[in-house]
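Trainee: The sequence shown begins at -14 in the numbering used here and counts up by one.
You may find that some hints are simply not true.
[What the hints assert, rightly or not] Now the in silico label distances, taken between C-beta atoms and shown as ranges:
# : residue 1 : residue 2 : range
1 : Ser81     : Gly122    : 34 to 42 Å
2 : Lys(-11)  : Gly122    : 38 to 46 Å
3 : Pro112    : Ala(-10)  : 45 to 53 Å
Hints listed in this document are in silico derivations from the structure and should not be mistaken for laboratory results.
For clarity, every value in this text was computed on a predicted model and none was experimentally measured.
Glycine included, each C-beta is placed from N, C-alpha and C at the ideal position.
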Amino acid sequence: MFCKALALCLLGLLTLSSACYIQNCPIGGKRAVLDMDIRKVGPGSSEHSHPHPSLLPTSFPPLPEQCLPCGPRNKGHCFGPNICCGEELGCYLGTSETLRCQEENFLPTPCESGRKACGSGGSCAAPGICCSTEGCGIDSSCEQDMLLV
């Protein structure tokens, strides 16, 4: 009886702790529920930067939302549950600035941070820095002028 209860508790914790970042989720996300109202891109951005999924041709998958804003004055975006990076900020790893990134675990659809792919499954997070959900590293392909590509 105790083993069954322990197994159910561990399964419940595993379910709650599995994040859904674009790098490790199936196409379409973990669930079919949309969470567009929860993810706010940040100041100066429009909620309507992507067309509504019903307006897209059925052959294209829905565009992933940008990950939650984080860091000082919300100038960065989450790259993992403990990683917050921004062009002006650099990257914060495991600090109080990354606490908001843990909320991403509870959102039903995948998100995407960074604009240019780099490294092994990562994307450019800040000038010269490539991040994935696992961590960050120096990458010369992520120079300032290349972040917008």
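Trainee: Against each hint, give a clear statement of whether it holds in the structure.
Mentor: Here is what the structure says about each hint:
1. Ser81 to Gly122: 34 to 42 Å: At roughly 23 Å between Cβ atoms, Gly122 and Ser81 fall outside 34 to 42 Å, so the hint is violated.
2. Lys(-11) to Gly122: 38 to 46 Å: 43 Å, holds
3. Pro112 to Ala(-10): 45 to 53 Å: The hint (45 to 53 Å, Cβ to Cβ) holds, given that Pro112 and Ala(-10) are roughly 50 Å apart.
Hint violations for this structure: number 1 only, all remaining hints satisfied.
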